[in-house]
Every structure is written in structure tokens, then in C-alpha cells.
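Colleague: Chain H is fixed; fit chain W onto it per the hints.
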Amino acid sequence: MASGNVIDPIHQFQIHKIVELGQPGGVELAFTNSAAFMFGIVALVFFFLTFATRGRTLVPGRLQSMAELSYEFVASTVRGSAGNEGMKFFPLVFSLFIFVLTANMVGMIPYAFTVTSHLIVTAALALLVILTVIIYGFVRHGTHFLHLFVPSGVPAFLLPFMVVIEVISFLSRPISLSLRLFANMLAGHIAMKVFAGFIVMMTASGVVGWFGAVLPLFMVVALTALEFLVAALQAYVFAVLTCIYLNDALHPGH
Amino acid sequence: MSEPNGPAAIIVAQASPGTQPAASGVEIAVPAAEAHGSNFPPFDVHTFPSQLLWLVIAFAALYLLMSRIALPRIATILEERHDRIADDIEEAGKLKAESEAAAEAYEKALASARNKAHGIATETRDRLAADAEARRKALEAELNVKLAAAEVQIAATKTSAMANVRGIAVDAAGAIVNTLIGTTPAPSAVEEAVDTAIKG
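So the protein sequences, as listed, match chains H and W. Using the working numbering, you'd call the opening residue of the first sequence number 299 and step up by one each time. Using the working numbering, you'd call the opening residue of the second sequence number 183 and step up by one each time.
None of these hints come from the bench; they were simulated from the model. As the structure is a computational prediction, the values presented were derived from the model and not from experiment. No residue lacks a Cβ here, since even glycine has one placed at the ideal position from N, Cα and C. Be careful, since some hints might not be right.
As the list claims (entries may be wrong) - Chain W regions said to be covered by chain H (calculated; three or more residues, Cβ under 8 Å):
(1) 232-244
(2) 258-271
Claimed, not checked - Chain H is faced by these chain W residues, among others (derived, beta-carbon under 8 Å):
(3) T229
(4) S249
(5) I251
To be verified - Simulated coverage check for chain H against chain W, where a stretch passes if three residues somewhere in it have a Cβ under 8 Å from a Cβ of chain W:
(6) 317-327
(7) 345-351
(8) 358-368
(9) 539-550
Only chain H is shown next, with the shape it has when bound in the complex (with noise of 0.2 Å):
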């Protein structure tokens, strides 16, 4: 990761180009490391979901009760936040719940490739989220989906502020969403990447180094920690705002 004695930070989110595909229209294309790793994840989730599930047992083995536990879990998600009604987008829902946690998980692997930590991934989520609840909400409610912007019993002068505030509240939703996914899991591999690089630089300057390095150490080992449990919560929440959204697509006016 670091050239000499140089610490980079940065060096872990780069893209390397592994085969170019030309530039059909002017837009350059490749398959990148980052696009292996999202075929990496979607392998691995399949074949875990399907090795884990191969017995079919009724008293469910570790792994089977991993894939159920999964199951249910977000399952119980999409009931709590979106009804019975939400079942419909729970593949949906489980397909993006169970992508950022093994893109998150998988970056936590040294050496690994992040794919939540580039922005025009987790955009891309969100906008696929943001689509399905207007696409949908309009599918499904025609005009009314509108409602979702006016709050009943508000007084007719404050009516347009609110239907404003509301407006930039809905637009700021996939912003928000990517950009709370992204900006965790960049800040937390540069911290990470910083207080390693901390550990080289000073057990590179000599004995006293060593000892200086204890501190940064403990401060790795507790960030990782940490970055376990942000991977996990942020795909977590990830999934409940999806969830939570679709449940506006389903029920609009408050």
C-alpha cells in the first residue's frame, strides 16, 4: 500500500483497468477490479445462500440457519416498515440489504476492493430505490401518489412552504442514502489505512518507535472493530430506509 516510506490512503480506492473494452461512444469502458469484485459478491451470496440451503433440513445445520436468519431478518424489516403489502419488494429489498453487506464485508479484507466506497455505486442503489417508489407510487396511485407531498390539516397560507419542505425532503432521500453509505465506508478505510500507516512509520524510526507504535495499534484494532459494525449497520440501514420509503410508494398521504 505504501510506496517506500510514503503512506496513500487513497491507493486502496483506485480502479484498475484488467480489460479494456474500447470507448463505444466516446465513454471509455473496462472491466475493472471493482466490477470483478461485484461479480465476486454476487457469487458468493449465491453460492453461500445455495450451499447453505443444499440439505434442505428440517432442523437447519450453522450455515442453514445463517441463510434463514438472513431471510427473516430482512423479511421482518420489510413487514415491520412496509406491511404485508411490502412483501412484494422484499427480493429487492434482500437483494440490496445482502449486496452492501457482502461489499462492505468483503472490504474489510485486506487488500480487498470496497465497492460501496465509490459514490456512483451507492448513487446508483439509491436511484434505484428512488425509482422504484415513484415509478411504482405512480403505477399504482396515479395522481394521488402526489398526496405524498401535501400533509393533510395544515393551514392553506402554510401549505406551499410545506409542500416545498416536503419536495426537497423526497429529492434529498437518494442523496442522503448514497452519500451516508459512501462517506462511511471511505472515512472509515482512510482512518483504518492512516493509523496503520502510523504503525510503519514509527516502528521504521527505531526502538522507540516500537513502543510509540502501541498506541496507533490498539487504535487499529478498535477501528476494525468498529468498521465490522458500521459495515454491518450501514447495510442495515441501507435496507430499513429502502423500506421505508416503498412504504410511502405503498401508502402516500400521511
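Modeller: Just chain W now, kept in the frame of chain H:
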């Protein structure tokens, strides 16, 4: 994100493209951008089309694999278990009801047997009592007959004894009179006097 260099330049302001780091005096530094013209990979727009393309393909694949294969599979397992548990509970309930019915039937049989036993006991007691009564009556009748015969005999004996008493009284009266006055009275007169005395 309007320009490739814009936001990246704000975040990692100390990195300057093309120069080696460490010039800033801070050892944490960012290397020169590789060939993209941006220092900060997440804001390098040149990588966006590729990332989007592969993300769409990968996520679509994940969604299809999840919704078509993996999730229905887990759902089937959970449903089967749920059904099995429900079946088992139902079976247990049925068996419980059966055992309760059996216990009730047993109690009923026991009660009827007890009633029957009681009936037999009562009947036997009654029969024995009736037998004893009949025997007692027969004995009593026999005794009464014997008593009556005895009474008849007693009466006869009494009559004969009384007759003897008259004869003795007549003799005694005759003898007493003879001793007192020296003459023997006529037997008919003594008999008459004795009769009068007995009656009187």
C-alpha cells in the same frame, strides 16, 4: 462532480499531480493520478460508465438469482418447517383428545362396575335377610304350636290337680270334723260344704 478535478482537489488539497509526495512535509500523501486526471478515485468520472455498466449487470444478476432461486428455496424450507410444526401440534392435540376420551371411558366403566357390584351386594343381603326371616317365622310357628300343646297339658294337669285338691279337702274336712266332734259326717254334706268353700 461537475469536473473531474473539482471536489477531489478540495478533499486532498495537498496532493499535487505529477510531483512526488513528501514535499508537503506531511508523510501522508496522495500519489499523482494515474492516467485519469483525477486524484481521488471515487470522484474520477472516467470510471463511472464502467462501474455503472457492471453494477447494473451484477445487480440484475443478483436480483434474478435471489428472486428466482435463492429466496424461494429458503421460503420453501421455512414454510415446510412451519407446516410440519403445525401438523405436529395438531397431531399432539388429537392424541391428547384421544387419551382424554379413553380416560373418560375408563372412569365410566369403573363407575358402572362399582354400581353393579353395589347392586349385587344389596340383592344378596336382601335375599339372605329374607331367608333368615322365613326361617325365623317357621321356628316361631313351631314353637307356638309346642307352647299351645304345653298350655293344654298344663290346663289338664291343673284341672286334675284341682280335682285331687277337692277330694283331699273332702277327706281332710271329714277327718277334721271327726276329730273335733267324734262323728263322721255324711260324705255328701262334706262335699257340698267343700264345694261352697272353694267357690266362695
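Colleague: For every hint, state whether the structure bears it out.
Modeller: Hint check results:
Note: the segment 232-244 of chain W has 11 residues with beta-carbon separation from chain H under 8 Å; the three-residue rule is met and the coverage holds. Three residues within the 8 Å Cβ limit are the bar, and the segment 258-271 of chain W against chain H gives 6, so the coverage statement holds. For W/T229, the interface hint holds, the least distance from its beta-carbon to any beta-carbon of chain H being 5 Å, beneath 8 Å. Because the beta carbon of W/S249 sits about 4 Å from the nearest beta carbon in chain H, less than 8 Å, this interface hint is met.
Of the supplied interface hints, the one on W/I251 holds, with its beta-carbon coming within about 7 Å of a beta-carbon of chain H, less than 8 Å. Judged by the Cβ-Cβ criterion of 8 Å, the segment 317-327 of chain H is covered by chain W as claimed, because 4 of its residues qualify and three suffice. Remark: the segment 345-351 of chain H is confirmed as covered by chain W, as 3 of its residues place a Cβ nearer than 8 Å to a Cβ of that chain, reaching the required three. By the rule of at least three residues with a Cβ nearer than 8 Å to a Cβ of chain W, the coverage given for the segment 358-368 of chain H holds, with 4 such residues.
Counting residues of the segment 539-550 of chain H whose C-beta sits closer than 8 Å to any C-beta of chain W gives 0, which falls short of three, so the coverage hint is violated.
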